[in-house]
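There are 2 protein chains.
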Amino acid sequence: MSEIDVLISEVGPRDGLQSIDTIMPTEAKKAWIQAEAAAGVREIEVGSFVPPKLLPQLADTAEIVAYARTLPGLTVAALVPNFKGAENAIKAGAHKITLPLSVSETHSKANLRKTHDQVLDEVRKIVELLDTLPADQRPSFEGGLSTAFGCTLEGIVPEAKVAEMARKLLELGCDEVGLSDTTGYANPKQLRRLIKLIWSEVGHDKLTGVHLHNTRGLGLANALAALEEGITTLDSSLGGIGGCPFAPGASGNIVTEDLVFMLDAMGLRTGIDLDALLRVREVVTEALPDEDMYGFTPDAGLPKGYNAGGWGVAA
Amino acid sequence: MSEIDVLISEVGPRDGLQSIDTIMPTEAKKAWIQAEAAAGVREIEVGSFVPPKLLPQLADTAEIVAYARTLPGLTVAALVPNFKGAENAIKAGAHKITLPLSVSETHSKANLRKTHDQVLDEVRKIVELLDTLPADQRPSFEGGLSTAFGCTLEGIVPEAKVAEMARKLLELGCDEVGLSDTTGYANPKQLRRLIKLIWSEVGHDKLTGVHLHNTRGLGLANALAALEEGITTLDSSLGGIGGCPFAPGASGNIVTEDLVFMLDAMGLRTGIDLDALLRVREVVTEALPDEDMYGFTPDAGLPKGYNAGGWGVAA
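The listed protein sequences derive, respectively, from chains C and E. Each residue of the first sequence is one higher than the last, beginning at 2 in the numbering used here. Each residue of the second sequence is one higher than the last, beginning at 2 in the numbering used here.
Please keep in mind that the hints were generated in silico from the structure rather than gathered at the bench. All values derive from a computational prediction rather than experimental measurement. Worth double-checking, as some hints may not be accurate.
It does not matter which identical chain is meant; a pair holds if it fits inside one copy or across any two.
[Claimed, not checked] Derived lysine to any residue pairs resembling SDA-like cross-links, with alpha carbons at most 25 Å apart:
1) Lys97 to Glu287
2) Lys115 to Ser3
3) Lys197 to Leu269
4) Lys31 to Ser141
5) Lys162 to Gly268
6) Lys126 to Asp137
7) Lys85 to Val128
8) Lys85 to His117
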């Protein structure tokens, strides 16, 4: 597989679908994931191992994980809220599991119904389980630092607290941590500062990805800042669907299509064929005809004479 | 007046209103401009001195300029397509006039119905006129390099051509040049490169501002790149209304409200009170009830605990 500069991790099938009421049929999810992988997307968060009672939209996650594993070259990621979810994700064969820890403890209690100590207990148990697995069956395990840039309930989240939680997650045995702008509060300066802080605390290799929202329109500006700082994995959602249903007003992932356009235009390789990616929208629209699909690039179309690999460099 | 880090030049009354069919009543324009100046906006492009036959929406520009001049501390800018327009702008008392020169000559012919040589002739005549004025009546004169990042008609616009046109405009006597992403084709890397190129050709003080569009969602990412490069003036439009009616698909200025939110959150001073700015939307909506007003920050609201002057720095 050809080399890439930036790994785009598509989170639409998880973060997108969990935040809309319509339940996408399992076959449509498979078609979506298949089409996106075929367009060159190398990592997809395909679902979340939460009780179906809480999120019936994602009740088929185990089946989706098993299917997605059959797609060549695709890293199959899943969210797990707790030990039980991790057990199920491992059973299903996820390549990567992410457990979100809300740095705002108020949000943690509202979102996961757990205090920090209770979340960290789950992490400890998950690592114990992972340690019993043979290396080739062990998924990578990320601790996602939610509300890292501020919280709709608490307001400002102290950066020292983010760093403390990062350290704890890694000490317990997470392979890496991620910074998550759950609430769409992040700005480029804050992002640069927080990335540097976390790196100084735990090392560059322990933080490679950020999960940004576009709630206040700063999604791509933040993505740019993260990239320029040295982040190499960016989460985004096809058509920008999705968000966090437990943080009111905090909807809206970065639109994958717009992100790929920006990276392409800057000459950064993602491995994704933008034309093919734009066609994937049809698969989603067909299955979810009543849902809005966002994206400036899809609306405006590509520039005249455009091709990926850097724009405007002709002298 | 307090010091600022970034000058936001509001272009809604010109770039916004010229691209919609509804004609905003003169009194409503005055109320809009008054309210925005009162919110702390220090420069507003209030209209364009084009023949009323072509843009009846802006037929009252002379009256608007005269009114805007009564607002304390406000720099009153106007677009002029040619010598005749500049004459009228000077008569009306504009503090700043901008003549757009499309670097894509195809676009120049379509937009201004003039070749490059013809546009440069107008520039020469305008400078001759300016040179006859006493210093305190002489507006500053900017040459706007339109389609600097690509053209909907020509595709890629060679960067050497942009630099050549910048040199010519300054040699003829423009006080400065601006880079204009008329078509919404710019990306952050290209923007950084082109700013550096122009600076290396004509000097830092001759290029301080960029006019960006959000056509493909990259508006704020581009604004961030320009700022970090050292640009200090950014054009934007309240509610994101506007665009270029002669470049199909190239609508959509940066939303002033989202831009101010980003700058505020980064601790960069604009002199603008964001709460007051958000209230200005009502003035526009009342006068143009059928027009869409855009903006992520207005939709989502401000973060909990937010105040301007840098977000998230608490340790």
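Checked hints:
no., hint, result
1, Lys97 to Glu287, "neither (29 Å within a copy, 51 Å between copies)"
2, Lys115 to Ser3, "neither (42 Å within a copy, 47 Å between copies)"
3, Lys197 to Leu269, "both (22 Å within a copy, 20 Å between copies)"
4, Lys31 to Ser141, "within (23 Å within a copy, 60 Å between copies)"
5, Lys162 to Gly268, "between (36 Å within a copy, 21 Å between copies)"
6, Lys126 to Asp137, "within (20 Å within a copy, 76 Å between copies)"
7, Lys85 to Val128, "within (12 Å within a copy, 75 Å between copies)"
8, Lys85 to His117, "within (17 Å within a copy, 69 Å between copies)"
The structure fails to meet hints 1, 2 from the earlier list, while all remaining hints are met.
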